[in-house]
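Start from chain C and add chain R according to the hints.
2 protein chains.
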Amino acid sequence: MPEIAYLGPPGTFTEQATRRLTADFEADLVPYEGVPVALAAVRSGEVLAAGVPVENSVEGSVPATLDALTVDDPLVAVAETMVPVQFDVLARPGLELSQVNTVASHPHALAQVRGWLGENLPKAEQHAVASTAAAAAAVANGEFDAAISAAVAREHYPSLVRLEHGIADVADAVTRFLLVRKPGALPEPTGADRTSICAVISDEVGTLADMLAELSLRGINLSRIESRPVKDRFGHYRFFLDFDGHVADTRIGEALAALKRRCSTVRFLGSYPKADRKPGYVRSAASEQAFDKSARWLEAVREGRLA
Amino acid sequence: MPEIAYLGPPGTFTEQATRRLTADFEADLVPYEGVPVALAAVRSGEVLAAGVPVENSVEGSVPATLDALTVDDPLVAVAETMVPVQFDVLARPGLELSQVNTVASHPHALAQVRGWLGENLPKAEQHAVASTAAAAAAVANGEFDAAISAAVAREHYPSLVRLEHGIADVADAVTRFLLVRKPGALPEPTGADRTSICAVISDEVGTLADMLAELSLRGINLSRIESRPVKDRFGHYRFFLDFDGHVADTRIGEALAALKRRCSTVRFLGSYPKADRKPGYVRSAASEQAFDKSARWLEAVREGRLA
Numbered sequence: 001m002p003e004i005a006y007l008g009p010p011g012t013f014t015e016q017a018t019r020r021l022t023a024d025f026e027a028d029l030v031p032y033e034g035v036p037v038a039l040a041a042v043r044s045g046e047v048l049a050a051g052v053p054v055e056n057s058v059e060g061s062v063p064a065t066l067d068a069l070t071v072d073d074p075l076v077a078v079a080e081t082m083v084p085v086q087f088d089v090l091a092r093p094g095l096e097l098s099q100v101n102t103v104a105s106h107p108h109a110l111a112q113v114r115g116w117l118g119e120n121l122p123k124a125e126q127h128a129v130a131s132t133a134a135a136a137a138a139v140a141n142g143e144f145d146a147a148i149s150a151a152v153a154r155e156h157y158p159s160l161v162r163l164e165h166g167i168a169d170v171a172d173a174v175t176r177f178l179l180v181r182k183p184g185a186l187p188e189p190t191g192a193d194r195t196s197i198c199a200v201i202s203d204e205v206g207t208l209a210d211m212l213a214e215l216s217l218r219g220i221n222l223s224r225i226e227s228r229p230v231k232d233r234f235g236h237y238r239f240f241l242d243f244d245g246h247v248a249d250t251r252i253g254e255a256l257a258a259l260k261r262r263c264s265t266v267r268f269l270g271s272y273p274k275a276d277r278k279p280g281y282v283r284s285a286a287s288e289q290a291f292d293k294s295a296r297w298l299e300a301v302r303e304g305r306l307a
Numbered sequence: 001m002p003e004i005a006y007l008g009p010p011g012t013f014t015e016q017a018t019r020r021l022t023a024d025f026e027a028d029l030v031p032y033e034g035v036p037v038a039l040a041a042v043r044s045g046e047v048l049a050a051g052v053p054v055e056n057s058v059e060g061s062v063p064a065t066l067d068a069l070t071v072d073d074p075l076v077a078v079a080e081t082m083v084p085v086q087f088d089v090l091a092r093p094g095l096e097l098s099q100v101n102t103v104a105s106h107p108h109a110l111a112q113v114r115g116w117l118g119e120n121l122p123k124a125e126q127h128a129v130a131s132t133a134a135a136a137a138a139v140a141n142g143e144f145d146a147a148i149s150a151a152v153a154r155e156h157y158p159s160l161v162r163l164e165h166g167i168a169d170v171a172d173a174v175t176r177f178l179l180v181r182k183p184g185a186l187p188e189p190t191g192a193d194r195t196s197i198c199a200v201i202s203d204e205v206g207t208l209a210d211m212l213a214e215l216s217l218r219g220i221n222l223s224r225i226e227s228r229p230v231k232d233r234f235g236h237y238r239f240f241l242d243f244d245g246h247v248a249d250t251r252i253g254e255a256l257a258a259l260k261r262r263c264s265t266v267r268f269l270g271s272y273p274k275a276d277r278k279p280g281y282v283r284s285a286a287s288e289q290a291f292d293k294s295a296r297w298l299e300a301v302r303e304g305r306l307a
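Chains as they are written, first to last, in UniProt numbering: chain C, 1 to 307; chain R, 1 to 307.
Keep in mind that a hint or two might mislead.
To be verified - What follows is a list of derived Cβ distance ranges for each label pair:
#1 R:P279 to C:L97: 57 to 67 Å
#2 R:L298 to C:L186: 34 to 44 Å
#3 C:P84 to R:R114: 24 to 34 Å
#4 C:R262 to R:G184: 37 to 47 Å
#5 R:R302 to C:P187: 56 to 66 Å
#6 C:R262 to R:P158: 51 to 61 Å
#7 R:P158 to C:G184: 54 to 64 Å
No lab work stands behind these hints, which were simulated from the structure alone. For each residue, glycine too, the CB sits at the ideal point set by N, CA and C.
Chain C with its partners taken away, still in its complex shape:
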């Protein structure tokens, strides 16, 4: 059975996400103590793949994930999932909500349920710990009365009692995760795919605008952009881009080739089915048929078959 790494300790949102990402096959999930270590295990072949947070995570440093994806040997994403930022309140057995005097969680998680805590546990002392999973562990050890945790934490600490399910101040906040592995056969296009790349450009005025024009001219919808300075090259910026479409699509392929000509480095980070399975809108002039038709017309022109 293949082993799949995830950001530990056991019971985190990343474990929950990695279970979804590997739902279609049998796998042993193995916790690692940081994203860089988890990715190193994929690169060395110690594990087959890793589930990692890439957007707005409650735990784990997303910049660290992005950095780790772009150093050393290439890795590519083969699947994505979104996990709602909703928490369970897990307590010591026998306690009711009104008896909870101390509550623990990751500081970002406490911040995300600030309103709920103010309304439901206004007098409870709040304790910040290293992860939502560590909070559940500390409650199981008797250190605190209750933990704000991912739902999956309860499976690791079955003695805990769930006092509330799915709490969140903002109902639709999500965090996004990718399953990454060594390059190989790409996932088949599904018609609702996303492509991720990292591009390095130098600090010349207009270069980014030109880069994005290469996408927009081809009707490609950008779903995310993030810049990060390149550590060892002053004045160079690295851009993480996600856009609708699969590298097998003609418009995506043409755009990537154009970026390859324009940028000092382009790293392909994967084409994979979108978590929401919603086909992106492609305007008719950018469809596969339109590209096919224009290619056949050009061929005819070049061969002198048209006046």
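Using the frame of chain C, we list chain R on its own:
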């Protein structure tokens, strides 16, 4: 003496940054337990300003800072500083490095000195706690032998002994902080300024490319871009942009007015001196003189003073 908020507990990198940001005036620094609470204190007038992390921080959630800046009443940045991501090793008195068996820090901080720990404290047990400051507090309480902390932490725990200064696996990693306050008179242009905005656009192909073209056409150098989905409006994206120049500059003013026409929302987040004080490169066709000259020429044309 004015009170200035920062992301606590005392002894964090944000405290270190906020000291720098307030070096020019007398101020009482007051720790707050989260960036949203610190910004709420600025909005309510409880404090004059707040020091907050906005890029790649070791502590505090940068997405949470960006979100908190764009809800509720406007706030603007008036100063920026960069703090190197370098740590001190603070230990219980009497201990030498070779006697350190347990070491504590924020999980992101432990990740950032992974190489150093492997080389210098290969056998020490690592403990993840809620902040680098909490690690120093725990060492002062006798829970662990040593903490990986910001240099400033030692001032709050003077009993601790500094075993190492300025450790870091990557020498030039920095984290960026802003001092934000209620809108009022802007900082004077210095010739080396940065402007920050948040713009909301709908999910139409090409809109971002058009937006960036408004900047690049006017010779404006983008130093950072980050997209965040707008929570309550599906298909809308919020972009955080930082670029060289001051809103008092003609080219920046024109570009901002153009974005205001193009975007559903533009929030001005401040024009302030760049931390590195390096003037950005402005090509001659985008200089104040060139704008002045073209404006005078246009006036003359409109008044019929030129053929």
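Each hint, compared with the structure:
R:P279 and C:L97 have their C-beta atoms about 58 Å apart, which keeps the hinted 57 to 67 Å range intact. Range check, R:L298 to C:L186: Cβ separation about 54 Å, and the 34 to 44 Å hint is violated. At about 31 Å, the CB distance of C:P84 to R:R114 agrees with the hint of 24 to 34 Å. A hinted range of 37 to 47 Å holds for the C-beta pair C:R262 and R:G184, which are about 42 Å apart.
Separated by about 59 Å at the C-beta atoms, R:R302 and C:P187 satisfy the suggested range of 56 to 66 Å. Checked against the hint of 51 to 61 Å, the pair C:R262 and R:P158 passes, with Cβ atoms roughly 55 Å apart. Take R:P158 and C:G184: their Cβ atoms lie about 56 Å apart, and the range 54 to 64 Å holds.
Checked against the numbered hints above, the structure violates only hint 2.
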